[in-house]
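S.K.: Residue numbers (the working numbering), protein chains in the order written: chain A, 1 to 297; chain B, 298 to 613.
Careful, some of the hints might be misleading.
[What the hints assert, rightly or not] Facing chain A, according to a computed beta carbon distance under 8 Å, are these residues of chain B, among others:
1) Ile432
2) Ile443
3) Phe444
4) Phe445
5) Ile592
6) Phe594
FYI, nobody ran anything at the bench for these hints, they're computed from the structure. Ideal Cβ positions, reconstructed from N, Cα and C, are used throughout, including at glycine.
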Amino acid sequence: MHSKIFKGTKSDVIFDIVNTVLLILITLIILYPLYYIVIASVSTPTMVLTGKVTLFPRGFQLESYKRVFSNPDIGRGYFNTILYTSLGTIINLIVTLPAAYSLSRKDLRGKNFIMMIFSFTMFFGGGTIPTFLVVKDLGLYNSFWALLIPSAMSVWNLIICRNFFEGSIPLELYEVSIIDGCTNRKFFIQIALPLSKALIAVMVLFYAVGHWNSYFSALLYLKDSELYPLQMVLRNILISSQPDATLAGMTDRAKFYQEVEMLKYALVIVSSVPVLMLYPFVQKYFVKGVMIGSIKG
Amino acid sequence: MKMTHLSQKNSFKPKKMPFGRYIKNNYDLYIMLLPALAFIIIFAYLPMYGVLMAFQDFNPAQGIAGSPWVGLKHFERFFSIYTAKQIIVNTIVLSLYSIIVSFPFPIILALMLNYSVSKRFGKMVQTVTYIPYFISITVLIGMMNIFFSPNYGIVNTVISALGGTTQTFMSDSSWFRHLYVWSGVWQNMGYSAIVYIAALSSVDPTLYEAATLDGASKLQRMRYIDIPTIMPTCVIMLLLSLGSIMGVGFEKVYLMQNDRNSAISEVISTYVYKVGLLDGRYSFSSAVNLFNSIINFTLLIFVNKVSKKISDISLW
């Protein structure tokens, strides 16, 4: 067995062993914190707080998950985030894909100029306050749309899409179809899009993860906690440790902190699982997408 | 390598069609561009116009057109504040430290994965290393609060079990930079390695065969084949990150800030947010931000020039 995996000269064998050990070490360093949160979330608070939980759950309980799910703030945040993510991603696709296709066409007149308008914004911007004032002037401040419209497109993703279309939808294909009386828009919807499923998967992943994880726009543009996405709720509980409604009325101070701490572990899991579950399905597209962005497609 | 396409010119020159007929056939291409263009004009170019408020005593009721011009007053004020220097230094130190540490790790990981003993094992490790990239900053900092907690965090538990003294990591200003940078390595190493893995996959396999026949060890193949192959990618990635040295992002730093570490953790982006939105000093905040953007932009142009000279790779 041993000789089957590691073969070659002595120095190569040493190289292989060192390499394998290091790769396993990296894997463990990345996985252990995540694993720890999982086992801590189902262990009893005293066991976690006294450092007895290291490799396996101790004193199994699911009470903290019940508390997370019954917390009204978290529930509302979750619901809001699902709405922001799904609607936001649809808007992103509607804005990004047609524009990217158009920019991928070699025969588009003024293409270089239009491209310059887009790419300049990647290097220079007005900044937080002027953008905030634009959002406010448009009447988006503290509204549901504040998290959708100002992030309707990312130029970086537009370029990824354009590169993909340039590489995989040849102009010749279009030229053949005009003979049959096909228009640009018809070609885009009926031929280019169905050929770009991998791209759409990547874009859904990038945009959806972006929406799910973002808190900055909410911090800037929302005042009303009814509109808060999950990440803002998380920030208040995980980082600011503000006492929250479910735990009010608990008299014992030590017990109170224990409960807040317990909530944190379950909360980390509950808020991260949807994104992590999406990942295996689009994994192969993910790598492809990052590469389309970095290498000219 | 990243973004080289921006400099690409149209080599393809179609036969010129009369303009009227071209528009008649292709007007829908422009309609498809319209939402994206409208978006970028409203949310990127309007704010660029709004940045003029840095030279005014801006009053929202009067707008840019009606507010009085004050020249460089806000810039002068910023530089006369004693914390200004501290904030600029904080920003540069944090981002330099971050660049120096987080630059080599993805390259080493990509090289190691390239030599993993089995394809399946390599794929598995690669997949695991991407996971942290999908975790939100909020959750990441939340997890750090948990692990580095002074009372019950597992890090301190281990330290005291080994006989060391426990640390108040998250509220200690001397730990701020280390925690910021190394958690970034943990989160982004796998994702950043993708570019290098892609570059490594372009190595011609006959090179390896020839080298093996000549008796080159794996280490020598890495040294003389792989590293030269990915060198241009490494150079451009490093230059790109140097180009954004003043651009330390807001989100992570802001969440890691507390009263005890603010002397070290205050950077330009968090300062701009605080004086601008929390204190409502719009003009002053915009001036600080503009100063930052101009330095960034200048650096980027400079870095791009250098890159063009030494590696023939350019952003535009």
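S.K.: Each hint needs a verdict: does it hold in this structure or not?
M.R.: Do the hints match the structure? See the list:
no.: 1; hint: Ile432; in the structure: 6 Å, holds
no.: 2; hint: Ile443; in the structure: 6 Å, holds
no.: 3; hint: Phe444; in the structure: 7 Å, holds
no.: 4; hint: Phe445; in the structure: 11 Å, violated
no.: 5; hint: Ile592; in the structure: 12 Å, violated
no.: 6; hint: Phe594; in the structure: 5 Å, holds
Taken one by one, the earlier hints fail for this structure at numbers 4 and 5, listed in ascending order.
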